[in-house]
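Please build the complex by placing chain B with the ligands on the supplied structure of chain A, with the hints as guidance.
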Amino acid sequence: MTDLLEQTDAQTMPDAASEQAPLIDISGLNVYYGNFHAVGDVSFDIPKNQITALIGPSGCGKSTVLRCINRMNDLIPTARVEGEIIFHEQNILAPGIDPVMVRRRIGMVFQKPNPFPKSIYDNVAWGAKVNGIRKGMDDLVEWCLRSAALWDEVKDKLDQSGLALSGGQQQRLCIARALANNPDVILMDEPCSALDPISTLRIEDLMRELARNYTIAIVTHNMQQAARVSDQTVFFSLGENRMGTLVEASPTRELFTNPRDSRTEDYITGRFG
Amino acid sequence: MSAPFHALPDESLTATGNLPRRQKIASIGRGIFLLATLFAVAALVVLLWYIFQRGWNWLSWGLLTNPPSRRPERAGLSIAISGTLWIISLTLLVAFPMGVAAAIYLEEYAPKNRWTRILQINISNLAGVPSVVYGLLGLGIFVEWLNLGRVVLAGALTMALLSLPVIIIASQEALRAIPWSLREAAYGVGATRWQVTASHVLPAAIPGILTGVILAVSRAIGETAPLLVAGAAGFVTTKPGGFFDSYTTIPIQIYNWMSRPQTEFRDLASAGIIVLLALLISMNLIAIIVRQRFSAKTRW
Ligand SMILES: Nc1ncnc2c1ncn2[C@@H]1O[C@H](COP(=O)(O)OP(=O)(O)O)[C@@H](O)[C@H]1O
Ligand SMILES: [Mg+2]
Chain A
826 MTDLLEQTDA QTMPDAASEQ APLIDISGLN VYYGNFHAVG DVSFDIPKNQ
876 ITALIGPSGC GKSTVLRCIN RMNDLIPTAR VEGEIIFHEQ NILAPGIDPV
926 MVRRRIGMVF QKPNPFPKSI YDNVAWGAKV NGIRKGMDDL VEWCLRSAAL
976 WDEVKDKLDQ SGLALSGGQQ QRLCIARALA NNPDVILMDE PCSALDPIST
1026 LRIEDLMREL ARNYTIAIVT HNMQQAARVS DQTVFFSLGE NRMGTLVEAS
1076 PTRELFTNPR DSRTEDYITG RFG
Chain B
82 MSAPFHALPD ESLTATGNLP RRQKIASIGR GIFLLATLFA VAALVVLLWY
132 IFQRGWNWLS WGLLTNPPSR RPERAGLSIA ISGTLWIISL TLLVAFPMGV
182 AAAIYLEEYA PKNRWTRILQ INISNLAGVP SVVYGLLGLG IFVEWLNLGR
232 VVLAGALTMA LLSLPVIIIA SQEALRAIPW SLREAAYGVG ATRWQVTASH
282 VLPAAIPGIL TGVILAVSRA IGETAPLLVA GAAGFVTTKP GGFFDSYTTI
332 PIQIYNWMSR PQTEFRDLAS AGIIVLLALL ISMNLIAIIV RQRFSAKTRW
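First to last, the sequence lines map onto chains A and B. In this note's numbering, each residue's number is its place in the first sequence (first place is 1) plus 825. In this note's numbering, each residue's number is its place in the second sequence (first place is 1) plus 81.
Honestly, I wouldn't trust all of these hints.
Unchecked claim - Residues of chain B clear of chain A, computed beta-carbon distances all greater than 10 Å: (1) Ala-84; (2) Leu-129; (3) Gly-323; (4) Arg-347.
Stated by the list, open to error - With a straight-line cut-off of 35 Å between C-alpha atoms, the simulated DSBU-like cross-links for lysine-lysine are: (5) B:Lys-105 to A:Lys-954; (6) B:Lys-105 to A:Lys-943; (7) A:Lys-943 to A:Lys-954; (8) A:Lys-960 to A:Lys-873; (9) A:Lys-954 to A:Lys-873; (10) A:Lys-943 to A:Lys-960; (11) A:Lys-873 to A:Lys-980; (12) A:Lys-982 to A:Lys-943; (13) A:Lys-937 to B:Lys-193.
Hint data in this document are derived by calculation from the structure and do not stem from the laboratory. Positions of the beta carbon are idealized from the N, C-alpha and C atoms, including for glycine.
Just chain A, with the same shape it has in the complex (with noise of 0.2 Å):
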């Protein structure tokens, strides 16, 4: 672990993560499957402009909060989700709040890469399409092809379909995708997961180039990751009756080198799943 924390330290990292103001704040959130409590009273802020890790073992319920943020959860019918939170001073799961606007502006890469069946361009086009907007396409498509690191590779190629990429450029198509509405937030659900180590060093640098200008939360099962590339660690944990509960959330080098919590050491020193 010291290791990493070498490297971590060697990049260039905005000090006191603590200090920014929150851009999401969660408080209280309980996720049920039916009768499952899947989720317990999960409190943490996401600052802005920084990369977020949630991290933990399997089935802890790291995805479902991560859906939660974004309204994701409204498409599976058994989720019940409770609590607050709080982005730009409305609570994302109130009853006035339509997802489909909270989706235009918290936007999200999956597990696996998911591109459409349509070209490169219509891709990226299409998110911002189907919101209204039909000028200026070919700027905004190029935008977002750059901004994910993948223009110069596919500037040749618009017309071609998306699945015929590699699997590390559909996921940078994927996020090009995601930048297409202009969010403020984008979350990440074990973007890498299905990649290789070369494409995964690229999306993580990106993710640092991303952090400037968006607020960044990520789900990542590789420890090595999230001490590589964010700002803020938040560890859950199994508790009773396999509920998924909030043990620590911490700056990542606090967390990393000093963690408050045992259950945190554990699982970090790879004592623990």
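Coordinates of chain B with the ligands only, in the frame set by chain A:
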């Protein structure tokens, strides 16, 4: 404690122990299955041979272009072909949009609760109802109650009812085969349910849907019983020109010729069957081409 494995008696790799017996059972099984296949194929070959033998000499251009006649050498299918085309186009016009819409509702919109489950079971059961029952339904509702009479519209609506369950189920299966990750991707960029369905799910499901529709319709083309009951005319001499004209169809014409005493008409019926088979085989070919055309483009 030694590992709980049974050692083989020697190093030989030829069949020993109970292996010869197991291999024998395997080859008996192979024989039985081959026999079953051969039996089915043989029955088909005999049937086709019989029909072609009787009908081949009666195949002619006149068979397609002549109206029915009391003299077999002048009798043709033109009125019946026109009737079949009318019935099928109208059936498609009604059953295709309605069936796909119902499938979209059930797969993409409906909550998964007891009521939708009951609905689902009912639709599956309807697909298994004997076609003559649909004929009775059509006779009762369209011909008599709505007082449409024995006309094209009543026949087509009856056939639409008959095809609907099959179209709904095939379309549902096609929609269900679309991976959740595609929907997730589209929702993720701020699309509404309808935008997700119309732009991504439906286009991806179209090959499966079209295949199902074409198969349902080709089944309807071959159906005789429902239209016999719901009012196809036995002897019509003019092609239908609108929804409210009387009509006959190819299978009904074949049925009529079959029930005449003269052998010439029976042979003519065989020729009619060849025409019907050709029509059905080409529809199935279209289904195959459509499926391959579309599915070559998308892979997950
Ligand atoms: N759609 C669902 N329906 C029912 N239970 C679910 C569903 N998704 C996740 N779960 C359950 O919720 C718990 C947390 O899952 P998840 O958020 O995927 O965990 P993680 O991402 O940390 O591995 C698990 O016990 C899982 O089985
Ligand atoms: Mg997960």
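Verification of the hints:
1. Residue placement check: B:Ala-84 keeps its beta carbon more than 10 Å from all beta carbons of chain A (closest about 31 Å).
2. No beta-carbon of chain A comes within 10 Å of the beta-carbon of B:Leu-129; the shortest separation is about 41 Å.
3. Look at B:Gly-323: its CB is around 42 Å from the nearest CB on chain A, clear of 10 Å, so calling it non-interface holds up.
4. For B:Arg-347, the shortest C-beta to C-beta distance to chain A comes to about 53 Å, beyond the 10 Å cut-off, and the non-interface label holds.
5. As the CA atoms of B:Lys-105 and A:Lys-954 are separated by approximately 65 Å, the hinted pair breaks the 35 Å bound.
6. Restraint check for B:Lys-105 and A:Lys-943: the C-alpha separation of about 53 Å exceeds 35 Å, so the hint is violated.
7. At most 35 Å may separate the alpha-carbon atoms for a hinted pair to count; A:Lys-943 and A:Lys-954 meet this at roughly 14 Å.
8. The straight-line distance between the Cα atoms of A:Lys-960 and A:Lys-873 is roughly 30 Å, inside the 35 Å bound, and the hint therefore holds.
9. Distance check on the hinted pair: A:Lys-954 and A:Lys-873 sit about 27 Å apart at the alpha-carbon level, within 35 Å; holds.
10. Annotation: proposed proximity of A:Lys-943 to A:Lys-960 holds, straight-line Cα distance about 20 Å (limit 35 Å).
11. Distance restraint check for A:Lys-873 and A:Lys-980: the Cα-Cα separation of roughly 32 Å lies within the 35 Å cut-off, and the hinted pair is therefore satisfied.
12. For the proposed pair A:Lys-982 and A:Lys-943, the alpha carbon gap of about 12 Å is at most 35 Å, so the pair holds.
13. Between A:Lys-937 and B:Lys-193 the alpha-carbon distance is near 26 Å, which keeps this suggested pair within the 35 Å criterion.
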